[in-house]
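Could you build all of it, start to finish, from the sequences and the hints given here?
Protein chains: 4
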Amino acid sequence: MLITLKKESRSLEKALAGRFRKVPHGERIVYIVDGKIPEDLLAELDIESSKETSRSFKLASREYSEEATRVRVGEAEFGGPKIVICAGPCAVEGHQLLLDAARAVKDAGASVLRGGAFKPRTSPYSFQGLGEEGLRMLRGVSEEVGIPVLTEVTAPEQVSLASRYADALQIGARNMQNFELLKAVGRAGRPAVLKRGSSATIEEWLLAAEYLLLEGNWEVILCERGIRTFETATRNVLDVAGIALTKTMTHLPVIADPSHATGRRELIAAASRAAVAAGADGLLIEVHPKPEIAMSDGPQSLTIREFELLMKEVKEIARAVGRCV
Amino acid sequence: MLITLKKESRSLEKALAGRFRKVPHGERIVYIVDGKIPEDLLAELDIESSKETSRSFKLASREYSEEATRVRVGEAEFGGPKIVICAGPCAVEGHQLLLDAARAVKDAGASVLRGGAFKPRTSPYSFQGLGEEGLRMLRGVSEEVGIPVLTEVTAPEQVSLASRYADALQIGARNMQNFELLKAVGRAGRPAVLKRGSSATIEEWLLAAEYLLLEGNWEVILCERGIRTFETATRNVLDVAGIALTKTMTHLPVIADPSHATGRRELIAAASRAAVAAGADGLLIEVHPKPEIAMSDGPQSLTIREFELLMKEVKEIARAVGRCV
Amino acid sequence: MLITLKKESRSLEKALAGRFRKVPHGERIVYIVDGKIPEDLLAELDIESSKETSRSFKLASREYSEEATRVRVGEAEFGGPKIVICAGPCAVEGHQLLLDAARAVKDAGASVLRGGAFKPRTSPYSFQGLGEEGLRMLRGVSEEVGIPVLTEVTAPEQVSLASRYADALQIGARNMQNFELLKAVGRAGRPAVLKRGSSATIEEWLLAAEYLLLEGNWEVILCERGIRTFETATRNVLDVAGIALTKTMTHLPVIADPSHATGRRELIAAASRAAVAAGADGLLIEVHPKPEIAMSDGPQSLTIREFELLMKEVKEIARAVGRCV
Amino acid sequence: MLITLKKESRSLEKALAGRFRKVPHGERIVYIVDGKIPEDLLAELDIESSKETSRSFKLASREYSEEATRVRVGEAEFGGPKIVICAGPCAVEGHQLLLDAARAVKDAGASVLRGGAFKPRTSPYSFQGLGEEGLRMLRGVSEEVGIPVLTEVTAPEQVSLASRYADALQIGARNMQNFELLKAVGRAGRPAVLKRGSSATIEEWLLAAEYLLLEGNWEVILCERGIRTFETATRNVLDVAGIALTKTMTHLPVIADPSHATGRRELIAAASRAAVAAGADGLLIEVHPKPEIAMSDGPQSLTIREFELLMKEVKEIARAVGRCV
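Protein sequences, first through last, are from chains D, F, A and Z.
For the first sequence, numbering that gives the first Met the number 0 gives the first residue as 0, with consecutive numbering after it.
For the second sequence, numbering that gives the first Met the number 0 gives the first residue as 0, with consecutive numbering after it.
For the third sequence, numbering that gives the first Met the number 0 gives the first residue as 0, with consecutive numbering after it.
For the fourth sequence, numbering that gives the first Met the number 0 gives the first residue as 0, with consecutive numbering after it.
A few of these clues could be false.
Since the list gives no way to pick out one identical chain from another, each pair is judged satisfied if it fits inside one copy or across any two copies.
[To be verified] Quick list of in silico lysine-lysine cross-link-like pairs, DSS-like style, CA-CA up to 27 Å:
| no. | residue 1 | residue 2 |
| --- | --- | --- |
| 1 | K35 | K311 |
| 2 | K81 | K21 |
| 3 | K314 | K289 |
| 4 | K6 | K50 |
| 5 | K35 | K21 |
| 6 | K50 | K13 |
| 7 | K289 | K21 |
| 8 | K6 | K314 |
Since the hints were derived computationally from the structure, they do not count as laboratory data.
Structure representation (structure tokens):
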């Protein structure tokens, strides 16, 4: 049972003797109670709301909040009527490239700049990112162009550092069940984009989000980025019905990453249209001024021109589902 | 190498000594040649066109025909600008129900009626279909309502029977690699809808189509119906990027079956919108006047009312991608 | 409920009014009853045994028969203490090769010769088998060498033909849910090897077996041949715990096909040892006198020498689990 | 190219200008060189060995070392003729339970005690482990019983703490691509057990091992613990052929975790026998004195009695493959 109070209640906590977790939500306190609350005590409490859910993820569930949660990153608002586009290079590689990308994606209609300074790479011999130097470039370009930035963190000790430079933090698919990282980001005071693990069920994904919420971070954006299947013609398989289903299960916004989902430049537009048509609240797209020299994920990065065309198509689809970009 | 001639060439066949397959295509003859053709012979032949493809599926490949193939079923045309909607009950259960369904889906904009008389069921204890009686009902309702019908065949010996009653034949996901069935349908003289197997790669699917084409049946419509993955929240996962990719690999039309892909009524609209947004040429949707009493697939069947709403949404998406319904 | 009677009971059938299926089992008749049987009627019947099962597959369930079913093919007995080895080329290619293979595998300890005359091939351009000519070769070699033969059928119309030549019939992975084929083999009067579909759950596999049993064919041998997963380093993944689990769910014998499971010659010995260690009742192994010229599955065929070595290893494992080869 | 020298070479490093990584291996230095080394320089160097590999994982490859690497944890040696058994409760829950478990598994033949103090749990509401208190218990019981202990770490900051108490560190399946954790364990000076991610390919797994080796930790034991597939009857599917294949690709020892692979107590013995038959160098098994009260993974924990029986079976299989327990 979920009970929301205006302030903490010592008498409730005493009566429950450890059978609860509590989480601040704005100016309220949510108690997640395991088992029953004595009737007389219930009568005494100044309860704002009281909810039941049979879901394993409590705070993330639609039962907790029928209203969709909106998450702001700079001027962008995820979960509202607008489809939010996050775009930029896979990795931060240098100031000029990043600046070019930032200007171009903003001009084309993106509201958030993406770029990785800490790159989780399958091979230790691949480019691992510029680290703090990359974060500094992100911040600089963000100020110069006037666009908020989203960047990935891969270990708890990077969280406070990245929070100083970035407007929002990303937890990658490989780290969806890196629980210490989830807890650290839950305490970071920054909106978080939580990617679905490549073989995670939707329930596991929402339980990972629950780790963030339980630490008091309610600004969580879920990101479907394709799941791993037997099919090798595409890097992953974008689960569009999964996006629609997730939105019925949780109040959190859900976006899609067509770049990682397909791994192939020529399919990104189709996957983007499909995701928005299915109800995605936003897109996360890899764009690189010169994909052929990208240090990471070149084959799945759009050129500026391709991104501009994509934006036009996405706008049409957004309108068809009663939204805008 | 694929060589198209106006008529059969005995001298070519003799020179190739078995290193070829030949297939009629309209009034032309296509020779699929393994290896080289002697230069002097090439000069002699009255060649309409000559194509190379590195694909394992030759006739089905885009290299064979850059132009999209259009397949007619009654008045409906798959592969053209119009999104073709096929709808109806999973199984033919009785005349009145079928008639109600047919009228309703036609009124709402469907161009083809679907309904199964031979039902491939996981359990031998499940309803197996009405057989020829079901086919007769389909034909009757088709005439009464004025809508062509599509029905599934599950064994070679059903093909000629079903061809007498139905306008188009369906090969189900479980039979995608039932090669004797493919050959029989390849010789049936009816357009065929070939579903992707639930764990078939796109290449395997196109090779299954090749079996049909090689028998001379060029009227093949591919149907993506979701693939089997680790995720159990939905029956299958609709591979929308796979639809887009398939269309780059083949000239055949590709439609989607959101009903089997999701297995959940509440997700069918989202999956339908996504499929059309990704480039699907049509949809195959289970609609039942009373899903709660359906003898098969009730939980994934739309009511008439839900189907009407879906059609409105699909029309908007079709317009957004420059097509119509 | 499953009721076994010494002979058919008209009064029972009348009382049940269609709520039953009946199947001969040896000299007995099994009634599979849906719902209750009137108490007074129960008292009247000469019931041999009466069983309940909550399984979807009734006749195949362990609840129906706690005792393991033993299936004889020639002198070989599947499901008893002996591990039965079936070996031979993927496809029948010619008399001499088959004869060489048959003699060699028999000498090394195999009890059944395998060989395909009807080959289900992903590509229509691959070798499709010799058909009846291949069956004739199989029969000839069988007589000459004194070893029973197992061969695959891929369509209902092949069943009676193949039954004339072969001692046992195989239903391949791609046809596990080819229900018309299952029914035909269920009526063939020949033991059947039923392979697990490459993405079939164990329950679906046992329901496919149920199709055979319901037609009166109790001589069913299940064969695990690897399932399709995301891993591409091997052709499939052999589900050894699945073998152990299946044996707790059904009374039918379960064998393994390490050749298709791995697709790589160098892994077949390890997979064979693992399967027997996990409880498999037999092995189905591709052996070819000259794998480098095999018309099908060469890379996963063992040479005679490799097969002899494998047999020694399997014998050791069989002994370790209290069985023999 | 991999070049092993007796000591560092400044002239080599200078000539390569950054095109290398170097790693100490015992008293030698391995240079992993990208591209060519000037011929004249090669002649000058005092080269112990020089290897080529086309593998993406260099140090972990069989090409680097044809000889199997042996890793010692206390008295136990992984990768030698003996099958090493690691057993114990999933989580450390209390001193007495752990002590009982340790004594029992040691008596039955286990050489390493397993037990988790930091538990990565899908749900934040599940028991998360005792942390340092649990580590202290592990150390105490280890001393008391005389058995080395293996425990899991889930974040870089736990590594030095856990290294003080444990003889070996485990990286769980969910953290296989937690690269910061891999680097920390690579520097920890403790043998490491690296589990395969539930949807990781073998190549990705070996690249994760490469992260450890590159930091100078050569004492890496790989652990196959089942992969995620469409089948839900078991928790995962144990990839036995994958174990055999991995051993051909790397010189590192490979063990199996039948508890997580199956998730079902009744299948653990079969999976253990299969793993050892396929060539596994050891087993990691969950044993709990009272599984019915276990705070984690009760359904897949063996009782002491079941573990004793299992050990007898495993001994027989080990003997059959020419090894011992």
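Structure-based check of all given hints:
Taking identical chains as interchangeable, the C-alpha atoms of K35 and K311 are never at most 27 Å apart, the minima being 53 Å within one chain and 47 Å between chains. In this assembly of identical chains, the alpha carbons of K81 and K21 never lie at most 27 Å apart, being 32 Å within a copy and 51 Å across copies at closest. Only within a single protomer do K314 and K289 lie at most 27 Å apart by alpha-carbon distance; the minimum there is 25 Å, versus 37 Å between protomers. For the identical chains of this complex, K6 and K50 are intra-copy neighbours only, at 17 Å inside a copy versus 60 Å across copies, given an alpha-carbon limit of 27 Å.
In this assembly of identical chains, K35 and K21 lie within 27 Å of each other by CA distance solely inside one copy; the values are 16 Å within and 52 Å between copies. In the homo-oligomer, the alpha carbons of K50 and K13 lie at most 27 Å apart inside one protomer (21 Å), although the nearest pairing across protomers, at 54 Å, exceeds that limit. In the homo-oligomer, the alpha carbons of K289 and K21 never lie at most 27 Å apart, since the shortest distance is 49 Å inside one protomer and 32 Å across protomers. In this assembly of identical chains, K6 and K314 lie within 27 Å of each other by CA distance neither inside one copy nor across copies; the values are 44 Å within and 50 Å between.
Checked against the numbered hints above, the structure violates hints 1, 2, 7 and 8; every other hint is satisfied.
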